[in-house]
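One letter stands for each residue in the lines below.
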Amino acid sequence: MENGYGKTVNGLLSKFKIFQALSENIANVNTVGYKRKIPESLTFQSTLKNLILRDDTQGALKKTGKVFDLALEGNAFFKVDTGSGLATTRNGRFNLNAEGELVSIDGHKLIIVEKTDKSINLALENDIEINEEGVIFAGNERFGRIALEIQDNNPVKVRQGYVEGSNVNLINEMAALTMAFRSIEASEKLLGMEASVDRDLIEKYGRNV
Amino acid sequence: MYTKLGNQVLRTTQAGSEALANIVDNISNIKTLGYKKQETSFVETLNGEISKHQNSDFSQGLLSRTGQEFDFAIDGKGFFEVELPSGQRGYTRVGAFSLSADGELVTAEGHKVLPRIEQTSIPKLINSQGGLNLQVSKPKLIIPAHLTPEVDEGGNIYGLNEQTGEKTKFGKISVVAFNNPSGLKPMDRGYYLETKDSGAPQEIETGINAKTQVKQGFVEQSNVDMASEFMNLAQMKNVLTAQLKVLKAIDKIYENIHFTISRST
Numbered sequence: 001m002e003n004g005y006g007k008t009v010n011g012l013l014s015k016f017k018i019f020q021a022l023s024e025n026i027a028n029v030n031t032v033g034y035k036r037k038i039p040e041s042l043t044f045q046s047t048l049k050n051l052i053l054r055d056d057t058q059g060a061l062k063k064t065g066k067v068f069d070l071a072l073e074g075n076a077f078f079k080v081d082t083g084s085g086l087a088t089t090r091n092g093r094f095n096l097n098a099e100g101e102l103v104s105i106d107g108h109k110l111i112i113v114e115k116t117d118k119s120i121n122l123a124l125e126n127d128i129e130i131n132e133e134g135v136i137f138a139g140n141e142r143f144g145r146i147a148l149e150i151q152d153n154n155p156v157k158v159r160q161g162y163v164e165g166s167n168v169n170l171i172n173e174m175a176a177l178t179m180a181f182r183s184i185e186a187s188e189k190l191l192g193m194e195a196s197v198d199r200d201l202i203e204k205y206g207r208n209v
Numbered sequence: 210m211y212t213k214l215g216n217q218v219l220r221t222t223q224a225g226s227e228a229l230a231n232i233v234d235n236i237s238n239i240k241t242l243g244y245k246k247q248e249t250s251f252v253e254t255l256n257g258e259i260s261k262h263q264n265s266d267f268s269q270g271l272l273s274r275t276g277q278e279f280d281f282a283i284d285g286k287g288f289f290e291v292e293l294p295s296g297q298r299g300y301t302r303v304g305a306f307s308l309s310a311d312g313e314l315v316t317a318e319g320h321k322v323l324p325r326i327e328q329t330s331i332p333k334l335i336n337s338q339g340g341l342n343l344q345v346s347k348p349k350l351i352i353p354a355h356l357t358p359e360v361d362e363g364g365n366i367y368g369l370n371e372q373t374g375e376k377t378k379f380g381k382i383s384v385v386a387f388n389n390p391s392g393l394k395p396m397d398r399g400y401y402l403e404t405k406d407s408g409a410p411q412e413i414e415t416g417i418n419a420k421t422q423v424k425q426g427f428v429e430q431s432n433v434d435m436a437s438e439f440m441n442l443a444q445m446k447n448v449l450t451a452q453l454k455v456l457k458a459i460d461k462i463y464e465n466i467h468f469t470i471s472r473s474t
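Protein chains in written order, with this note's numbering: chain A, 1 to 209; chain B, 210 to 474.
Chain A on its own, in the form it takes in the complex (with noise of 0.2 Å):
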């Protein structure tokens, strides 16, 4: 007879999965610059490979008017050094370090290129604007612009004082949670089922062999 066990488990571990992505969309609804988790593209195949889908459609910019937080409209990256190599990013909150230079959340500096030979203090300057081409201006000086990775040819603009939200709509992800938590309710009780039906036949039938 074929064993029920293996498809129900499988189709158990994969709903564990799905759930698990959801619940990562949930966790992240409000980080900055998160991109979901697309549920839809677990398979058993990508469950094997640990691939997962992600959703990357442009966040929601929320504005914040804080002067050093860049969001990035279109498909482009922030380059920062990390230290031991060169990296990108989507998260443009950065802040000024205790040397004064413009870093990131985590610390990495933020690279900037055709910088002025004038000695600015960005720190000590009240009136610093950042253009849509990521130039920075403190007051009419020219100070640097940032370089950025441009993926495609489509416009890229630098937003001073807003962030990308996550891409994460919640009801809807609140929605999918359920689902998925009921299927996986239903694939738990097959597996009860089965079990407790295969005892009943071992106990029932399986001594007098």
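Be careful, since some hints might not be right.
[Claimed, not checked] For lysine-lysine, the following DSS-like pairs were computed, each having C-alpha atoms within a straight-line distance of at most 27 Å: (1) B:K394 / A:K109; (2) A:K66 / B:K446; (3) A:K63 / A:K157; (4) B:K461 / A:K37; (5) B:K286 / A:K118; (6) B:K376 / B:K424; (7) B:K240 / A:K66; (8) B:K378 / B:K286; (9) B:K420 / A:K63; (10) A:K63 / A:K109; (11) A:K79 / B:K261; (12) B:K286 / B:K394; (13) A:K66 / A:K79; (14) A:K7 / A:K157; (15) B:K405 / A:K79; (16) B:K405 / A:K115; (17) A:K66 / B:K378.
[As the list claims (entries may be wrong)] Stretches of chain B that chain A covers, calculated by requiring three or more beta carbons in the stretch to come under 8 Å of a beta carbon on chain A: (18) 238-246; (19) 458-466.
[Stated by the list, open to error] Short, incomplete list of chain A residues facing chain B, as computed with Cβ under 7 Å: (20) S23; (21) N97; (22) L124.
By construction, these hints were calculated from the structure, which means they are not laboratory data.
Beta carbons are placed, not taken as given, at the ideal position from N, Cα and C, and that holds for glycine.
Since chain A is already given, all that's left is putting chain B on it; use the hints.
Showing chain B alone in chain A's frame:
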């Protein structure tokens, strides 16, 4: 695999409750003079982990006029420099000063407000047996009580004799700035300490034409905006409620697994 389920939700829920506490702190300090709001952000680091970052936002609070001669506010970047009882330098935006019994300018907690050293003090020669002694006086901000204090935008303190119209300069209030004020260590009552993350204090230019001005007769309000704090509060509550539901669901799943396993044995 089972333990990973919801691990991230649990951690984020804890971080979320801390963020909520910050928002509540901000709201309850809206009337505290010189209070700087606490901000929390959640970011995805380069290796995919989610981390929470918290810091103070040092944007300018509104100035309101009190007309008190020893109330001061800083318009622009910078901090007043004070001497804490331990001898350490403390920094603050709260300029609610007064004169001590010795006529020295002090904060509301009694800490001395430090002056900007403009010229080296001239050492006094003291005669004594066996040689000359030099006594170098430490500069203080002392204003005689019978003079009316007038402080300009550069923090220069003048004593005005109302009868004769004569003005004498008694010193200049020190204002310093840091490259990363969010890296300062906050203490009680609006004082901050320098750390390696904040950078060293730098003397900055103050005056009517400078980027930073000292305003006599004004105090700085908190920089908390009620509307945005309440919006953040509502948003945070929504997210936390959703996350708690997820945690409950995960709990139920574990319960079911337990039940299933126990029934089949």
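Hints, verified against the model:
1. Note on K394 (chain B) and K109 (chain A): the hinted pairing holds, with a Cα-Cα distance of about 22 Å set against a maximum of 27 Å.
2. Between the alpha carbons of K66 (chain A) and K446 (chain B) the distance comes to roughly 24 Å, so the proposed pair stays at or under 27 Å and holds.
3. With a CA separation close to 15 Å, the supplied pair K63 (chain A) and K157 (chain A) stays within the 27 Å bound.
4. With a C-alpha separation of about 23 Å, the suggested pair K461 (chain B) and K37 (chain A) falls inside the 27 Å cut-off, and the hint holds.
5. Simply put, K286 (chain B) and K118 (chain A) have alpha-carbon atoms about 21 Å apart, close enough for the 27 Å limit, and the pair holds.
6. Among the hinted pairs, K376 (chain B) with K424 (chain B) is consistent with the structure: their alpha-carbon atoms are about 19 Å apart, no more than 27 Å.
7. For the hint linking K240 (chain B) to K66 (chain A), the alpha-carbon distance of about 22 Å falls within 27 Å, and the restraint holds.
8. For a cut-off of 27 Å, the pair hint linking K378 (chain B) to K286 (chain B) stands: about 25 Å separates their Cα positions.
9. Simply put, K420 (chain B) and K63 (chain A) have alpha-carbon atoms about 26 Å apart, close enough for the 27 Å limit, and the pair holds.
10. With a CA separation close to 23 Å, the supplied pair K63 (chain A) and K109 (chain A) stays within the 27 Å bound.
11. For the hint pairing K79 (chain A) with K261 (chain B), the CA-to-CA distance comes to about 21 Å; that is within 27 Å, so the pair holds.
12. Distance hint between K286 (chain B) and K394 (chain B) is fulfilled; the C-alpha atoms sit about 17 Å from each other, no more than 27 Å.
13. With a C-alpha separation of about 20 Å, the suggested pairing of K66 (chain A) with K79 (chain A) holds against the 27 Å cut-off.
14. For a cut-off of 27 Å, the pair hint linking K7 (chain A) to K157 (chain A) is broken: about 50 Å separates their Cα positions.
15. For the hint pairing K405 (chain B) with K79 (chain A), the CA-to-CA distance comes to about 25 Å; that is within 27 Å, so the pair holds.
16. The straight-line distance between the Cα atoms of K405 (chain B) and K115 (chain A) is roughly 26 Å, inside the 27 Å bound, and the hint therefore holds.
17. Proposed proximity of K66 (chain A) and K378 (chain B) is contradicted: the alpha carbons are some 39 Å apart, above 27 Å.
18. A count of 0 residues in the region 238-246 of chain B with a Cβ less than 8 Å from any Cβ of chain A is obtained; the coverage claim is therefore unmet, three being the minimum.
19. Residues of the region 458-466 of chain B with a Cβ under 8 Å from some Cβ of chain A number 6, which satisfies the need for three, so the listed coverage holds.
20. Interface hint status for S23 (chain A): upheld, as the beta-carbon distance to the closest one in chain B is roughly 5 Å, under 7 Å.
21. The interface hint given for N97 (chain A) is met, as the beta carbon of that residue sits about 6 Å from the closest beta carbon of chain B, less than 7 Å.
22. At a threshold of 7 Å, the smallest CB-CB gap from L124 (chain A) to chain B is about 6 Å, leaving the interface hint in force.
In summary, the numbered hints that this structure violates are 14, 17 and 18.
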